[in-house]
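Novice: Here is how the chains run, residue by residue.
There are 2 protein chains.
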Amino acid sequence: MIKTVTASMIIIGDEILSGRTKDANLNHLSLWLNRMGVQLQEVRVIPDIGQVIQDTVNDLRVRFDYVFTTGGIGPTHDDITAENIAKAFGVAFVQSETSLALLQKHYGNEKISDARLRMTMIPEGASLIKNPVSSAPGFQMENVFVMAGIPVVMQSMLLDLELRIFGGDKMLSKAIHVFEGESNFAGVLENVEKEFPNVSLGSYPFFRRKRFGASFVLRSQIEADLDQALEMLKLEIGAMGKECFDGEAEL
Amino acid sequence: MIKTVTASMIIIGDEILSGRTKDANLNHLSLWLNRMGVQLQEVRVIPDIGQVIQDTVNDLRVRFDYVFTTGGIGPTHDDITAENIAKAFGVAFVQSETSLALLQKHYGNEKISDARLRMTMIPEGASLIKNPVSSAPGFQMENVFVMAGIPVVMQSMLLDLELRIFGGDKMLSKAIHVFEGESNFAGVLENVEKEFPNVSLGSYPFFRRKRFGASFVLRSQIEADLDQALEMLKLEIGAMGKECFDGEAEL
Numbered sequence: 001m002i003k004t005v006t007a008s009m010i011i012i013g014d015e016i017l018s019g020r021t022k023d024a025n026l027n028h029l030s031l032w033l034n035r036m037g038v039q040l041q042e043v044r045v046i047p048d049i050g051q052v053i054q055d056t057v058n059d060l061r062v063r064f065d066y067v068f069t070t071g072g073i074g075p076t077h078d079d080i081t082a083e084n085i086a087k088a089f090g091v092a093f094v095q096s097e098t099s100l101a102l103l104q105k106h107y108g109n110e111k112i113s114d115a116r117l118r119m120t121m122i123p124e125g126a127s128l129i130k131n132p133v134s135s136a137p138g139f140q141m142e143n144v145f146v147m148a149g150i151p152v153v154m155q156s157m158l159l160d161l162e163l164r165i166f167g168g169d170k171m172l173s174k175a176i177h178v179f180e181g182e183s184n185f186a187g188v189l190e191n192v193e194k195e196f197p198n199v200s201l202g203s204y205p206f207f208r209r210k211r212f213g214a215s216f217v218l219r220s221q222i223e224a225d226l227d228q229a230l231e232m233l234k235l236e237i238g239a240m241g242k243e244c245f246d247g248e249a250e251l
Numbered sequence: 001m002i003k004t005v006t007a008s009m010i011i012i013g014d015e016i017l018s019g020r021t022k023d024a025n026l027n028h029l030s031l032w033l034n035r036m037g038v039q040l041q042e043v044r045v046i047p048d049i050g051q052v053i054q055d056t057v058n059d060l061r062v063r064f065d066y067v068f069t070t071g072g073i074g075p076t077h078d079d080i081t082a083e084n085i086a087k088a089f090g091v092a093f094v095q096s097e098t099s100l101a102l103l104q105k106h107y108g109n110e111k112i113s114d115a116r117l118r119m120t121m122i123p124e125g126a127s128l129i130k131n132p133v134s135s136a137p138g139f140q141m142e143n144v145f146v147m148a149g150i151p152v153v154m155q156s157m158l159l160d161l162e163l164r165i166f167g168g169d170k171m172l173s174k175a176i177h178v179f180e181g182e183s184n185f186a187g188v189l190e191n192v193e194k195e196f197p198n199v200s201l202g203s204y205p206f207f208r209r210k211r212f213g214a215s216f217v218l219r220s221q222i223e224a225d226l227d228q229a230l231e232m233l234k235l236e237i238g239a240m241g242k243e244c245f246d247g248e249a250e251l
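Same order as they appear, the protein sequences are chains A and B.
Letter by letter, the first sequence follows residues 1 to 251 in my numbering.
Letter by letter, the second sequence follows residues 1 to 251 in my numbering.
Worth flagging that the hints you see were computed from the coordinates, not collected in a lab.
Hints may contain errors.
Put simply, identical chains are the same to the list, so a pair is met inside one copy or across any two.
Claimed, not checked - With a cut-off of at most 27 Å between alpha-carbon atoms, the simulated BS3-like pairs for lysine-lysine come out as follows:
hint	residue 1	residue 2
1	K111	K194
2	K111	K234
3	K242	K194
4	K170	K3
5	K87	K130
6	K111	K242
7	K210	K130
8	K210	K111
9	K234	K194
10	K234	K210
Taking the hints into account, I'd like the entire structure generated from these sequences.
Specialist: Here it is as structure tokens:
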């Protein structure tokens, strides 16, 4: 039996939608989840609007094993993620004593402003996620993980999640490359995909060093199928009198 | 009256979700839409699964003025966007004579393989979107614009959309920057946002040249409000005895 564990991601922030900031968290989270045996299956980028945050969280948390959010947990008025996670779950929005103690230690007692106190508020029943970079923690509410938007902080929070995420069979992948148009190989690719229902096969055209080409990426949770599918693909390309080149897929 | 025109984007592709490829189209489309007077309000990244494509298109095309998709319109078996757009609209999937003529001209008559013919199929009633880079066109079906995933091709297709997209009042933006923690300014930011309901005010912490700081970005479709809100913010920061620095927001 193959065990598949799934995740979705919610990127919260007007600054991504307006083009002011380029998201750097999707790719990092995706690769981290692969290593954990979890498959990222949907991503949404949404604005800083309370009702949209609530609706999106409630839609995704029942459809995927895990949900990860980034953004909107800082000290200013536009940081509205935490309170809307509480509303999405229908629980109270309360101060975390642990979070308060952490911030008091980080900033010293007298420097805790009202704004920073805002960062100590979490949904009732949530557990904290450590922030080794700047102290203010994220939190986990059931299967929803609420993290900072700043990439270095978000990445540091993942360290604390390694023992809380339970993956399934990892998605393995291998790739080969050709240096001509992908359309010439369409029939071969289709044959291989039909032969191996547990292998997905993607074709990604590229233009590098002034040459057109394509990478064929095979992905499967079953190693034997992956290897056999790769073997068949190479044989069929060879039988066409064409060349292909090995290369590990980045994933 | 302020006229607001909205858009959403669907990034179709397992390779983005698996982390193999970093998306480069979101940011480009977002900035282009800003210039057109259109606000990107939601983005979804979804896998190459027909039903998911159909459901996502049908959800978003009734909620936003425009929908843009990228990816999955090439010649191989995993390019399933076009046929699923046809299914989403409940129309036939037919060969475009114009597209066929374009590809015949580009490749020469004898080189048109079955795989390339796949790229001439569009939903009945769709109009083509020019592809100056590699010929195979995208298409427009009502308010849904279906484009290639390769950034250089996607960007070239936008040229053909400049006369088909009708924007509203542009979202204008201005920014100032401070070189200390954003939490110190939380109260001031809140005051300004309360005073100007037509201005949204985002606070974005940064760490640059070994200094912490924050950018405060004001956005509005009403220029006078934007200018007054910026003036008030500067005055209030000055009244705190703090310094701030001008700088245009990238948007």
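Novice: Hints broken by the structure, by number, lowest first?
Specialist: Of the numbered hints given earlier, the structure breaks none, since each of them holds.
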